[in-house]
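Protein chains: 2
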Amino acid sequence: MAAPKRVTACLIIIGNEILSGRTEDKNTPYLAKKLNECGIGLREVRVVPDVEEEIVDALNACRARYDYVFTTGGIGPTHDDITSDSVAKAFGVKNVIHPEARAILGEHYGDQDLNEARLRMAHTPEGAELVENPISKAPGYRIENVFVLAGVPLIMQAMFDSLRHRLVGGPPMRSHTIRAELPEGKIAKGLGRIQDAYADVEIGSYPFFRAGIVGCSLVLRGTDEGRLAGAADDVRGLIRELGAEPVDETET
Amino acid sequence: MAAPKRVTACLIIIGNEILSGRTEDKNTPYLAKKLNECGIGLREVRVVPDVEEEIVDALNACRARYDYVFTTGGIGPTHDDITSDSVAKAFGVKNVIHPEARAILGEHYGDQDLNEARLRMAHTPEGAELVENPISKAPGYRIENVFVLAGVPLIMQAMFDSLRHRLVGGPPMRSHTIRAELPEGKIAKGLGRIQDAYADVEIGSYPFFRAGIVGCSLVLRGTDEGRLAGAADDVRGLIRELGAEPVDETET
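Residue numbers (my numbering), protein chains in the order written: chain A, 646 to 897; chain B, 646 to 897.
Hints were generated in silico from the structure; no laboratory data involved.
Careful: at least some of the hints might be erroneous.
Here are some chain B residues pointing at chain A (derived, C-beta under 7 Å) [claimed, not checked]:
no., residue
1, Glu662
2, Arg691
3, Glu826
EDC-like, lysine to aspartate or glutamate: derived pairs with alpha carbons at most 20 Å apart [said to hold, decoys possible]:
no., chain 1, residue 1, chain 2, residue 2
4, B, Lys834, A, Asp756
5, A, Lys650, B, Glu697
6, B, Lys678, A, Glu669
7, B, Lys834, A, Asp730
8, B, Lys650, A, Asp756
9, B, Lys834, A, Glu669
10, A, Lys678, B, Asp756
11, A, Lys834, B, Glu761
12, B, Lys679, A, Glu669
13, A, Lys650, B, Asp806
14, A, Lys671, B, Glu669
15, A, Lys834, B, Glu669
16, A, Lys834, B, Asp756
17, B, Lys650, A, Glu698
18, B, Lys671, A, Glu669
19, A, Lys679, B, Glu669
20, B, Lys782, B, Asp806
21, B, Lys834, B, Asp878
22, B, Lys834, A, Glu698
Chain A residues, not near chain B, derived (Cβ > 10 Å throughout) [claimed, not checked]:
no., residue
23, Ile658
24, Thr673
25, Glu761
26, Gly860
27, Gly871
28, Arg885
29, Leu887
30, Glu890
These figures come from a predicted structure and were not determined experimentally.
Built from N, CA and C at the ideal position, the CB exists for glycine as well.
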């Protein structure tokens with residue numbers, strides 16, 4: 646039984662601050678979980694520096710490949726905020742003042758404080774549709790299958806809430822996690838057999854070492870609840886066969 | 646003045662668990678900082694799923710482009726550990742038992758417990774050199790400019806310590822961070838002028854919103870201490886000109 650075609654997404658994180666180690670990325674796990682809820686699988690993440698050519702290359706590679714592309718970072722008012730210029734270049738369009746974005750910023754800052762730097766945040770590639778930013782006002786936007794969002798996690802999250810209704814997902818991915826106090830090396834063979842029997846369920850094994858105990862968390866993911874439950878039963882049976890007690894950790 | 650040629654690196658994270666949002670990546674910030682200390686700039690990170698074709702594609706794109714490539718994840722004994730098969734395929738060589746790795750695992754598990762699954766961890770692409778794993782023994786390895794490491798952060802970190810002496814870096818990147826309680830939109834213009842005057846210093850601006858205060862952290866990075874100090878002085882001067890007091894946050 647083949648898995649149904651999944652709707653896919655990619656995240657491009659534009660950020661020297663992640664590549665320097667200064668900032669820990671918080672956007673990947675948030676977006677991954679939210680997209681899962683929408684029935685969209687995050688299939689790739691790329692972190693690229695604030696360099697136009699690299700952003701353009703990553704955008705063009707990923708927007709051809711995935712149903713949705715999200716970018717985070719680089720949409721503020723300073724010289725290192727080059728996302729919109731880069732997105733426009735990737736799409737071969739101009740980076741222009743979006744009248745609606747200009748109006749939002751004019752109201753927020755007052756026209757006298759809407760200086761040249763802040764006006765950068767009113768620019769979008771021609772043809773873009775705005776994504777509301779309820780926190781700091783400067784909007785994100787969508788152009789074709791690419792959503793351009795802020796890098797600051799709270800703002801990114803608020804923007805995601807603003808755009809979520811525009812996403813069209815497939816069946817949501819469900820998951821079971823079962824913990825076993827068994828080393829991976831003992832369970833690997835039987836687990837491989839279960840994986841072979843359930844090609845439509847993705848089975849991952851993640852070792853842990855806690856308080857002197859060697860074990861593994863077995864994560865089963867799939868869209869068909871019945872198949873997922875069947876695979877989970879087999880995994881529990883395998884763990885018992887090997888003399889341990891399966892612990893159901895989480896189920897989503 | 647052009648910046649000296651930097652030694653570059655890329656990290657490929659092989660991990661469905663990161664893409665599903667289950668696990669937060671801890672390896673990027675660690676590796677980024679350690680590589681910085683070695684005078685190597687992390688220029689890209691890719692997170693790819695446990696799918697051979699995707700791993701092969703990412704490896705071949707990145708090993709041609711960067712001086713060093715690091716991979717994390719997928720080197721355990723279970724069916725989803727396909728990194729070595731994928732690396733071998735990317736290099737067009739066989740994935741074979743490495744005698745030294747086999748000896749290490751035989752000693753660790755005892756020959757009777759070195760089953761087929763665990764023997765997977767003794768495989769490396771032909772021609773690879775081992776990287777010691779002082780924690781759980783199953784080694785990482787190097788093949789040409791690619792270092793293959795474990796995904797579990799503690800083990801990855803120990804492996805990095807084992808391989809660090811093999812890396813040849815350039816001049817180390819130093820950084821100053823200066824905080825200003827000024828909105829980015831006010832400092833952007835002057836900051837852009839300073840960036841223009843110091844093309845060899847990378848100036849990033851990161852807004853913050855804390856306890857009702859809107860400000861930004863200005864991160865200056867470069868290899869020439871004199872130039873870095875000059876740019877930092879100009880940034881402090883700019884902040885004072887705009888009526889705020891610069892706060893030196895960190896210096897490395």
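Contradicted hints - numbers only:
3, 8, 9, 10, 13, 15, 22, 23, 24, 25
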